[in-house]
Amino acid sequence: MESEAVLQTLALAIFLGILAQFVASKLKLPSIIFLMLFGIVAGPEVLHLLHSRELTDIISALISVGVAIILFEGGMTLNIQDLKSAPRAIVNIIVFGPFITMATIAVCLHYILDLNWGISALTGAILTVSGPTVVTPLLARVRVDRKLKEVLNWESIIVDAVGATLMVVTLHFVLSASESHLTTIGHFLGRLALGVVTGYLTGKLLLFIVPRKIIAHEHLNIAILGIILFAYWGSNHIASESGLLTVTIAGLMLGQLRHPVLEEIKGFKEQLSTLTVSVLFILLASRIDLGNITEYGWPMALAVLSILFVARPLMIFLTTLKTRLNLREKLFLVWIAPRGIIAAATASLFTIILTANHYPQAAALESIVFLIIICTVVLQGLTAAPMAQLLKVTAPPRNGYLLVGVHRFSIALAKLLLQEGIPVKLVDNKKDNISGAKEAGLDVTCGNIMDEEVLEKIGLERIGTMLALTESDETNTLVCRLGRKLLGIDSAYQVVNTFFSDITDEVLLNFGGQLAFEMKISIKTVNERLENGRLKVEKVNLKKTEKGFELPENFLFPLFFLKKGRVTVAKEDDRITTPNLIAITIG
Amino acid sequence: MEITVTDASGVKVIRIEGHLDTQTSPDAQAQLAQLIDQGATKLIVNFEKLDYISSAGLRVLLKAAKQLKGNSGELRICSLNEVVQEVFDISGFTTILTVTKTEPEALEGF
Chain A
0 MESEAVLQTL ALAIFLGILA QFVASKLKLP SIIFLMLFGI VAGPEVLHLL HSRELTDIIS
60 ALISVGVAII LFEGGMTLNI QDLKSAPRAI VNIIVFGPFI TMATIAVCLH YILDLNWGIS
120 ALTGAILTVS GPTVVTPLLA RVRVDRKLKE VLNWESIIVD AVGATLMVVT LHFVLSASES
180 HLTTIGHFLG RLALGVVTGY LTGKLLLFIV PRKIIAHEHL NIAILGIILF AYWGSNHIAS
240 ESGLLTVTIA GLMLGQLRHP VLEEIKGFKE QLSTLTVSVL FILLASRIDL GNITEYGWPM
300 ALAVLSILFV ARPLMIFLTT LKTRLNLREK LFLVWIAPRG IIAAATASLF TIILTANHYP
360 QAAALESIVF LIIICTVVLQ GLTAAPMAQL LKVTAPPRNG YLLVGVHRFS IALAKLLLQE
420 GIPVKLVDNK KDNISGAKEA GLDVTCGNIM DEEVLEKIGL ERIGTMLALT ESDETNTLVC
480 RLGRKLLGID SAYQVVNTFF SDITDEVLLN FGGQLAFEMK ISIKTVNERL ENGRLKVEKV
540 NLKKTEKGFE LPENFLFPLF FLKKGRVTVA KEDDRITTPN LIAITIG
Chain B
0 MEITVTDASG VKVIRIEGHL DTQTSPDAQA QLAQLIDQGA TKLIVNFEKL DYISSAGLRV
60 LLKAAKQLKG NSGELRICSL NEVVQEVFDI SGFTTILTVT KTEPEALEGF
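Sequence order for the protein chains is A and B. Note that numbering that gives the first Met the number 0 has the first sequence beginning at 0, numbered continuously upward. Note that numbering that gives the first Met the number 0 has the second sequence beginning at 0, numbered continuously upward.
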């Protein structure tokens, strides 16, 4: 194939991939919908701009690299501590889930579509995996109960690796029908063991390299990428596809490291993963033969329904027997199993391999898998939020405030926020400081917020905003740095105790929180004035006049705006657009 | 907001009435900058009739004070009402600028 056509295909795939991500984020819909749509339209079936069917070798290599990056990044996002909250369901789903799913789907496809057992089993194996690239953004949009979120996250990432191994072993079994079942099981366990060992060794190597300055900081991301791709290739070289588990385990181990550089690595891998997923999906979708999908007619629809409404429910109900999950939570798990890039990539690869081996009904595999991807992503992606609400498994809104630093001012703020129905928690590392808040019946924790155990004790499930209110600007900045990491860059606010602080606007922008309140204020002075009754913190209702809102004579400046049940921190130069405020006034 | 400027023995006295906030501070800043550009080095801002000041207003004062300091001049503030006085106190402005109770006090020793 001419290099011009290769370049056109790759460049267009990158462009369309990024465009699909952009459109999806604007429309707040799953990106995979647009990736598939753009891929099909630009592919040989419609516009013929992507020459993906002629690029089989390049795409196979891209799939391998892409899948390795996706699984490594997925492994890094898993928190072993979170596993403690719902261990049984997760372990069952990881260990038994893939086999139940594969067996049920194989039976359904064999009897409904009259497919041979080989293709049925292989399709079943491929459809055991739910996609982290679809599940993770879906869970970011739909806020569900933490327990469910953990189950779905772990399932999507770990089952990807386990399921991928299962797929490869099944392919091996299908293509060498003469082999005994015992040998096949041996191959499966051997690949698992190899993946675990090489993954552990790669993880250990990364844990040795990353915290030490063995590799220059600016080369670290690339070096890690090189190491994991080498480990992936090495493991695969010994036993095909065992590398999937290698990179997942290495990512999981590195993800547990507590080191500042980790966030940077995660960010880099996330971007790389997004790019890889986007490009791969465009290329894979462009290869879909629409004729194959429609060839089976209504039985195909029935097969899809059986996968959604028989195989998935059966697996979930069996693996969650005697677990802490209730019926509503189980039903939500039944509903959420979107398949993603791993299924798409493997289906394409296997179809290429099976076709080359003249295996009968090979084209059906790719058609069913892509149809399931489209159905699950569109159907489940669009209905996840209403379904979560219907089943009452949504997490409570994160509209709460965590006030760091306990004193008269923060106690007064906490009381007023509570009156507005906003959950408030306070934290201070000095025991003497918290007595006032305790007496007022407020939810207060004594401890250093930088300590993970203290954070766990406070419980951030309902906290959406962190407000650092100590007398030290440096402490406030440090607290907000943590707040940015925990709650997001827009959710950490801090006071700066004087207009002439060393904590400049630039420092705030780069390291700290947003400046809380209309101006920089000295917490010490405010507390003194509150104590002697000179100042008050109160709810104010402003009168509206032709010129705008009329400020009372004793009004100093706004602290919070109260609008339509929402409470937002007043910031420097914010215009008053609501009559209801929490403000600081002359007492 | 209304601004009037008078001259008291070489000292420019700027009286600001009403609100000095995000909307009105660009005007105030332009007037102060004009005076400084014209060579004024001694400025008194009289806040007797100022009802409200926001951080944008404080920044105008800070900028003018810095400019004057660069020209070996000085900015003094006088006649704050109790609301503006509190804002100055809790933002730390009273510690960095010369703030007097009355205009004659501000003029003294200028």
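Incorrect hints may have been included.
[Claimed, not checked] Here are the computed lysine-lysine pairs in the DSS-like style, where the Cα-Cα straight-line distance is at most 25 Å:
{"#": "1", "chain 1": "A", "residue 1": "K523", "chain 2": "A", "residue 2": "K414"}
{"#": "2", "chain 1": "B", "residue 1": "K41", "chain 2": "A", "residue 2": "K570"}
{"#": "3", "chain 1": "B", "residue 1": "K48", "chain 2": "A", "residue 2": "K546"}
If you're looking for bench data, these hints aren't it; they were derived computationally from the structure. On a predicted model such as this, the values are computed, not experimentally measured, just so you know.
The hints, checked one at a time:
no.: 1; hint: K523(A) with K414(A); result: 19 Å, holds
no.: 2; hint: K41(B) with K570(A); result: 33 Å, violated
no.: 3; hint: K48(B) with K546(A); result: 19 Å, holds
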